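The listed protein sequences derive, respectively, from chains B and G. As numbered in our numbering, residues 300 to 408 make up the first sequence, in order. As numbered in our numbering, residues 5 to 463 make up the second sequence, in order.
FYI, nobody ran anything at the bench for these hints, they're computed from the structure.
Derived SDA-like pairs (lysine to any residue); straight-line CA-CA distance at most 20 Å:
(1) G:Lys86 with G:Val444
(2) G:Lys86 with G:Gly436
(3) G:Lys141 with B:Ser396
(4) G:Lys141 with B:Ala382
(5) G:Lys141 with B:Tyr392
(6) G:Lys430 with G:Phe361
(7) G:Lys140 with B:Thr395
(8) G:Lys141 with B:Ile388
(9) G:Lys357 with G:Ser435
(10) G:Lys141 with B:Asp399
(11) G:Lys140 with B:Met390
(12) G:Lys25 with G:Lys86
Calculated from the model, a selection of chain B residues having no Cβ within reach of chain G, i.e. all distances over 10 Å:
(13) Asn302
(14) Ser305
(15) Thr306
(16) Val309
(17) Val310
(18) Pro311
(19) His314
(20) Ile321
(21) Ile332
(22) Ser396
The structure presented is a predicted model; accordingly, all values stated were derived computationally and were not measured. For every residue, glycine included, the Cβ atom is placed at its ideal position computed from N, Cα and C.
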Amino acid sequence: MDNITSTIQVVPLNHYILLSAIIFSIGVIGVLIRRNAIIIFMCVELMLNAVNLLLVAFSAYSGDASGQVFVFFVMALAAAEVAVGLAIIVMVYRNTSSIDINVLNRLKW
Amino acid sequence: MNSLIVISILAIVVLYLGLYKAKNALLPVTIIGLIGALVLAIMEWNSGATAIFSGMMLFDNFAVAFSGLTIVSTILILLLSKTYFDKISSNVAEYYTIILFALTGIIVMVSYHNLTMLFVGLEIMSVSLYILAGIKKRDFASNEAALKYFLMGAFSTGFLLFGIALIYGSSHSFDLSVIAQYVIDRPTGIDPMFYVGIALMMVGMCFKIGAAPFHFWTPDVYEGSPTLITAFMSTVVKTAGFAAFLRLFAICFAPLAEFWMPALLIITVITLFVGNITALYQTNFKRMLAFSSISHAGYMLFAIVALGTTSVNAVFVYASAYSLASIIAFAVLIMVKEQTGGENFDNFNGLGKRNPFLAFVLTVAMLSLAGIPLTAGFVGKFFMFSTALQQYHIWLIILAIVNAIIGIFYYFKVIVAMYFKDAERKELSTSGYYTFVLGVSAVFSILLGVYPSIITDLF
Chain B
300 MDNITSTIQV VPLNHYILLS AIIFSIGVIG VLIRRNAIII FMCVELMLNA VNLLLVAFSA
360 YSGDASGQVF VFFVMALAAA EVAVGLAIIV MVYRNTSSID INVLNRLKW
Chain G
5 MNSLIVISIL AIVVLYLGLY KAKNALLPVT IIGLIGALVL AIMEWNSGAT AIFSGMMLFD
65 NFAVAFSGLT IVSTILILLL SKTYFDKISS NVAEYYTIIL FALTGIIVMV SYHNLTMLFV
125 GLEIMSVSLY ILAGIKKRDF ASNEAALKYF LMGAFSTGFL LFGIALIYGS SHSFDLSVIA
185 QYVIDRPTGI DPMFYVGIAL MMVGMCFKIG AAPFHFWTPD VYEGSPTLIT AFMSTVVKTA
245 GFAAFLRLFA ICFAPLAEFW MPALLIITVI TLFVGNITAL YQTNFKRMLA FSSISHAGYM
305 LFAIVALGTT SVNAVFVYAS AYSLASIIAF AVLIMVKEQT GGENFDNFNG LGKRNPFLAF
365 VLTVAMLSLA GIPLTAGFVG KFFMFSTALQ QYHIWLIILA IVNAIIGIFY YFKVIVAMYF
425 KDAERKELST SGYYTFVLGV SAVFSILLGV YPSIITDLF
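Pulled out of the complex, with its shape left as it was, chain G reads as follows (with noise of 0.2 Å):
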C-alpha cells in the first residue's frame, strides 16, 4: 500500500522537477523514490494483510512480490534512460513521469481484490502506455504503433468489461471474495451469464498479454514503439498482465477449470506456433523478440492452464527470468542500433570482436530466453512444465518441448552473427549505467540458473 502512495507522489514530484528545469535530478530523484518504494513494499511481506479500502485491494505476498518484480524491472529500465530520452526531446520529465503513472496502475492491478480494481489499474497502465508508444512525434512508425496500440487496447477493454458487468449481473459484487463464495455455493445452476463473463474477461485478459489469436498488435506494435518503451512494455507490462490474470482465474474462476481450460489450452498451443514459427523468419531483432515474447506468454500461460498452489511461483520465477533476460537484449539493441543505425541481425555482425562483454551479456540473455541449463529460463521452463505436469497434461509438454527447440534455433542466431560473423565497424563503447545494468542482469540470470532456490521457496 505505501508504495503505491510513495510512487504516485514521486511520479507528481518529477513533473514539478520538471517544470523548475533541474533535469539532471531527475533520475536521481526517480530511482531513489522507486528504491524507497520497493523498501516498503519487501516490508509488508508476511505482515498478515486483510484486504483494505472496503476490501478494494488486498496487499498479500502475491502483490508484494510481483509489486517487488516490476519496480526492480522499472528501474533497470529507467537506468538505461540516461542518455535515451534526450534525444527524442528536451522535455523528459514527462516521459519519468508517465513510466511512474504506469507502474502505479501496475501495482494497483497485481494487489486488487475488487473489479473496479482491476479495470482502473489496467486503464492507468494502458493510458500511459499509449502515449510512451507515441513519444516519438516525428516519426512514422512510433506514430503507427501508438494507434494501433491505442485502438486494440480501447477494443479489449471493451471485451474485458462486458465480461465484468455479466459477472457482476450474475453474481451481484465486483468483490473477488463474494464472486469466488458465489461460484463455491452452487456446483450445479450456475447463471450461463457467468460463463459468458468469464469467456470474454478471457478474451480480454489475452488481449492485453498478446496470447494468441489476439496477439496480431503485439509484433507491430513493440517494433514501432522506442526501444527503451517496447522494453518497458515486453517485460514489467506483460509481468503485470500475468499477475492480474492469474490472481483473477486462482481466486474466483478456480472451481470452473473443466469450463475454461480447454479453450486456454487451445490459445496456449496456438500461441507457442504461433510465437515460434514466425520467430523463425524475421531478419529483424526487435521484431524477432516481439514475437520470442508472444510464445513466452504462451509458456506463462501453463500456470493458469494448470492451475494448482505452484502456479504463482511458476509465474513469478519465470517472469523474473523473462523480465531480466530481454532487458539485457534490450538494452544491447539500443547500443548497437547507435552505432549501426539498424535492428537487423546483420547489425550484429562482429559484435563479439568489437565488444566482448556486450556479446557475452547477450549471449546469456539468448541462452536464458532459450531455456539453456544453468540460466534463469531454465528454471523457469522448469518449474512451468513441472506446474503442467502436476495435472498431466502429457502432450502440452510434448508440444511445449517442441517449441522450446524451435526457440534455441532463432535465438542462436544472433550469437552465430555475434561470434561467427565479420563486419568491418568501429569499437563499441559502453557507458557506466549500462555496465551496471547488463552485468546485474546477466549476473542474476546466472545465479537463479545455479542456485535456484533464491526465489523459487518464496511461495
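The following block holds chain B by itself, in its conformation from the complex (with noise of 0.2 Å):
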C-alpha cells in the first residue's frame, strides 16, 4: 500500500488536479454536443471517472482512506445507474427504434 501510494506522490498533484478537470471537461463537453444517448451516458460515466481519479489523488496525498473507500461509493452507484439507465435507453429503442435523442421532442412548450 506504502508503495502505491508513493508511486502516486511521483506525480505533483496538480497534474492530476489538472488531468481530471480536463477529463470532466471533455464528458460536459460530449453530454452537451452529442446526439446519441448511448454516446451521452458514455460522457456522463467520463465526468464520474475523472472524480474518481481526482479522489483517489486527493486521498493518497492527504494518507486518508475516505476518499478511496468514497470511490467504492461511486462506483458501486454507477453500476445501479447503468443497469437502469441502459434499461430505460432499450425501453426507448423499443418503441421509437431509435436512440437519437432528438426523436424526443414530443413534450415541447
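Now that you have both chains on their own, put them together as the hints suggest.
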C-alpha cells in the first residue's frame, strides 16, 4: 500500500487535478454536443471517472483512506445507474427504433 | 434512525407481498408501515441526537421535521394510488417498493452528516425516480421523461461529485463538522479549490431542485411522467432537495456567504421570472404546475440566500404549504383526466357544477399556491419574505412581490375555468380515498393559514 501511495506521489498533485479537470470537461462537452443516448451516457461515465481519479489522488496525498472508500461508493452507485439507464434506453429503443435524443421532442413548450 | 430501518424493511416486505400475490394487502401494509415510521421519527424529536455510524448521520430536529413532512406527503400520495397503478400494469408491488426506496434515500438525504451519505441518499432517490418516471412502458411521453430525467440527473450528479472531490481535496474530510471547522479556522487563505468545490456543488444541487438556469428538464419530466409520480416528484423530492441544500450550506458554508450569496441571488431572481412568466403561456394544467414548481423553488431559495436562524423554519413552513397544495392539485388533475381524457385548462370547465367539492378544494389549493391570506401558502411566503428582509434584500422582495402578482394571474385561470365556463359533461364522483386525501389536505391548508403557530414555533 505504501508502495502505491509513493508511486502516486511521484507525479505532482497539480497534474492530477489538471488531468481530472480536462477529462471532466471532455465529459461535459460530450454530454452537451452529442446526440446519441449511449454516447451521452458514456460521457457521463467519463465525468464520474474523472472524479474517481481526483479522489484517489487527493486520498494518496493526504494519507486519508476515506477518499478511496468514497470511490467505491461512486463505482457501486454508477453501476446501479448503468443498469437502470440501459434499461431505459432499451425501452425507448423498442418504442422508437432509435436512440437519437432528437427523436425525443414530443414534449415541448 | 429507526424510521429509516423500518422503511427499508417495509420496502422488502412489500416486494414479497407482490411475490405471493397478496395484492389487496399492499396498500394497507405500506400505509401502516409508514405511519409506524412516522411515529418512530417523531419520538426522536428533541432527544439530543449525536452523530451516529462514525459521524455519518445525525438525526437532529431538522432531520426529524423533514423526515416527518416527507413521510406524511408520501402517505397522502400513496392513498391516491389505490386504483391508479392498476391501470398501468398488473405488477403493482414494485411501484410501492420503488416509492419506498426513494423515500429511504430521501430520509438519508435530510439526515446526512457526511458528504458520502449525501451522495448515497441522493443516488438512491434519483435511481428510484428514473424508474418511476418510466413506468408507463408503452407511453411515449413517459419514455421520454424517463430518459431525459436519467441523462440530466446523471449529468448533475457528476457536477455534485466533482464539487465533493474538490472540497475533500482542500479540507481532507467528508465530515460536515470537520469541513465547517476548516472554514472557521481560516478566515483568510482558504484553498481556491474549495471555492470551486462550493460552486460546483451549488450547480449540482440547483439541478436537483430545478432552479433556473438548470431547470430545463423539469417541465418535460413533470409533464411526461405519470401524474401520481409527478405529484411525488414535485412535493416530496423537492422538499428533500431543499432540505439537503439547506443543511449543507447552513452547516458548512455559512461563513463564506459573501462568495456564494451573489450567485445564488441571481439564480433566485432568474428562477422566479422564468418560472412565472413561462407558466403564464401554458394551456396544459400539468405543465403549468411544473413551471409553478420552478417558481416555488425560487421562493424557497430565499431561505438559503438569506441564510440565518429562521431559514430552517421558513423552508419547513413553505415546503409544508406547497406540498399540501400540490397534492390537492395533482389529485384533482388525476380525476379530471380520468373523466375528460385531457389535462388542459378547458378540461376543468364547469367543474364547479359537476363536482362542487373538487372545485372547492382545488380553489383552496390554487389560493394557497398563489399566497392569498388565510391559506398556508401565505404563511409560507410571509416567512420567506421576512427571512430575506432580516438581511435587507429589499430589491429581492420587490421582485418577488411582482412575481407573486404574476402568479395569481395563472392560478386564477383554472378557478375561472371551473366556475365561470360551462361544458356539457357528466357528473364527476369522487372515491373515498380521494375525498379523504383532498379533505385532509384542504383542511390543513386552511388551518395552517389561520393558526400558523402550529408549525412555525417548531425550531
